[in-house]
Structure formats: structure tokens, C-alpha cells
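Put chain S on the given structure of chain Z with help from the hints.
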Amino acid sequence: MSCNHDQQRRQFLSRGAALTAAVSIAPGLMLYDFARARPPGEAANPAVRWGMLIDTTQCESGCDACVSACNKENGLSGRTLPTDSQWIRKLELQQEDTGRKISMPMMCQHCAEPPCVDVCPTGASFKRADGIVLVDKHRCIGCRYCMMACPYKARSFVHEPVTDHSGATPRGQGTVESCTLCVHRVDQGVAPACVEACAREGHQAILFGNLNDPKSAIAQRIRSVASVKLRADLNLDPGISFVGI
Amino acid sequence: MQSGWTMIGRMALLLALAGPLAAAVSEPVLDIGQGGKCVDDPKFMRLNHMKLMRHQRDETVRQGIRGGKYSLAGCVDCHASKKNHSVLGTDQNFCQGCHVYAAVKIDCFECHSSEPRRALAGEPPK
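As you go down the protein sequences, you meet chains Z and S in turn.
Sequential numbering from 1 applies to the first sequence in this note's numbering.
Sequential numbering from 1001 applies to the second sequence in this note's numbering.
Simulated from the structure, these hints should not be mistaken for lab results.
Between beta-carbon pairs, the in silico distance windows are:
hint: 1; chain 1: Z; residue 1: M147; chain 2: S; residue 2: N1084; range: 32 to 40 Å
hint: 2; chain 1: S; residue 1: M1050; chain 2: Z; residue 2: P161; range: 19 to 27 Å
hint: 3; chain 1: Z; residue 1: E160; chain 2: S; residue 2: A1073; range: 17 to 25 Å
hint: 4; chain 1: S; residue 1: D1041; chain 2: Z; residue 2: E160; range: 37 to 45 Å
hint: 5; chain 1: Z; residue 1: N235; chain 2: S; residue 2: R1054; range: 34 to 42 Å
hint: 6; chain 1: S; residue 1: V1104; chain 2: Z; residue 2: N212; range: 40 to 48 Å
hint: 7; chain 1: Z; residue 1: R79; chain 2: S; residue 2: A1073; range: 25 to 33 Å
Yeah, the Cβ is synthetic: ideal placement off N, Cα and C, and Gly gets one too.
Here chain Z stands alone, though its shape is the one from the complex (with noise of 0.2 Å):
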């Protein structure tokens, strides 16, 4: 039933590459240009908005970076299960008519609208102030309603005992979790953990900032090339785009 799932995702995710022409982005522009870390003491900036713009025309099939660094640095054990947590997966993809491939990664798009929000019953999903939507698993019962709802399969849930505590993140059994956007990194102004080894593999494929702010990097390269949100008729305003789908 879940490689249904997935089936129809995939489908649905190639056919939204059709309408969409591919654009190439010259490379050598700054990866990402938020610069500081914020104070301690400080609370999240609600004028700021993180959000990433993924070149699937820069992300190489068969590369997996993004994920090995995703899960070395949340402690996450690599497998790829049902029952295993994955915050970010590689996608292949393969327009029906045309034969063109995508490559390109998948995990929690960080919604403007979270319906995994808007479903929780105890209040532990939740966003944060600058868009980074998370979960607080001091108040997560793992009911699963917000995997449900998320309609792009962004989260997983803990079925086992965590032993392995060498992740950054707290992470443990019988709760729900997913992409954090390296909230951890972020707040000492470091880029996510995906993001730093697309660019150490040359790659350059996620483009990470805020969205809010027009000087940034994502902003300004959002507003010069063509880019689309996932899902875009569900109105959630994801806060990542992609470029070539």
C-alpha cells in the first residue's frame, strides 16, 4: 500500500515536471548569506522566513550527500525501512512521454499553512515564529495524525528504542519527526547540514536563506528564475521551491 503511495506521488511529481521548463542558474553565486548567529536569550525573528530553492538541474542522480549528512548529523540510522526515520529522501524521477530524468531531494517543506498543525492534537506540531516547522516532542503522543495529513510523506515516527544519542538533535521512541531545517545550525548561524554537503560536493543544488529578506540570496534568485512549489494547488505555501521540475 505504501509503494502505492509512493507511486502516485512520483507520478503526480512528473507530471508537474511537464508544465514547467527547466532553467539553468549560472553557477558561483553565494550559497547562502544569512550572516550571524542570533543572541542567546533572543527569541525566533517573525520577520524572517528560512526557506531553501532546490536546483534539480544542479543535483546529480545517484548522489546522496544530502542524505548521508542529514543523517549523520540528527543521529538518524540510514536505513530505509517502513519503520525507519528518513528526513530526507533522494528522488529519481522520469517524465512519461519525454523520457527526461530529475534527480532531485524531498523532506518537510516548512509550509506557511502545516497541516500537520492544524491536525495535531496535543499542540506539538507546531511553526516556529521564523517558518521552521517542528515538532515538540515533550508534547508529541505519536497518535501520527500530522503524517497523515502531510501531504508530502515529510514525516516519520519512532518506532523503537533510541540507544544512539550522538545526533544533535533529541530524538526518541514513540514520537514524530521530521526535517528541522537544521534548527539547531541555524540559530548559530550555520547553514543546514544538507545544504553544506550539496556545496562540498560541488553541486550547489539547495540554495538556503531567508525569504523575507529581498537581498538575500534565495530571495533574489528566486525573483530572476522560474521556480514552483510543490503541491501548489493545496494553497500550504511550502518554503521550499524547486528550479527545473
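Chain S alone, transformed into the frame defined by chain Z:
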């Protein structure tokens, strides 16, 4: 008069029983790790650490306020044993020792690390 004697007899019996019991449960001897000056008065912390940490954790998780002084990671950084680099493990370890003595279940470490942040980063503990 008879009831008075009965009461005294009962009290004597209670004292006889309670004396050895009280002596059997001695206060825990804790390995406080690096120790040093606590973020607040130790007596105050002993009574209130759970409230302070709960308050701060909500501010950190939900509002993103970082750098507060009552953090769980801060407790662990200073109080992890130098023997096993953890606040858990034996009844002498800082968190486990006191919680066993007080018979209070501790579930922080089902999700959080019981080892100092320095050790996780691959550097030797101070």
C-alpha cells in the same frame, strides 16, 4: 490509663522498627563529575531543577530562545562522571544516583544524550 500505656507501647514498637529502617537508606554519595560553581544555589537546584528546566525547554523549543542557564545539556556537561562520561550508569552517577534515592523515574535520557556535548564532538572531556 490503659489506653495511654497501649499508645506508649505502640510508639516504642514504631521506634524500634523505624530506627533500623531509617539507617538502612543512607543519602546517596554522588559523583558530581567536573562540578564547580552551579548555575544556582545547589539546595535550590535540588528542589527546583525540574521546574526550571521545563520552563526553559519550552522557551527553547517553541520560541527558539537559546543560551539560557538552566539547560539539561548544561547539567550533563558539568556533572557527567569522569569515569564513564555520563550522568547515568551507576547509583553514584549524578542524575541516576539521586533519582534512584528519591524513587523518581527519569525519562529525559530516552531522547536526550546523557553524555557531555564535548564528548559527542569527538573531543576529550575536560
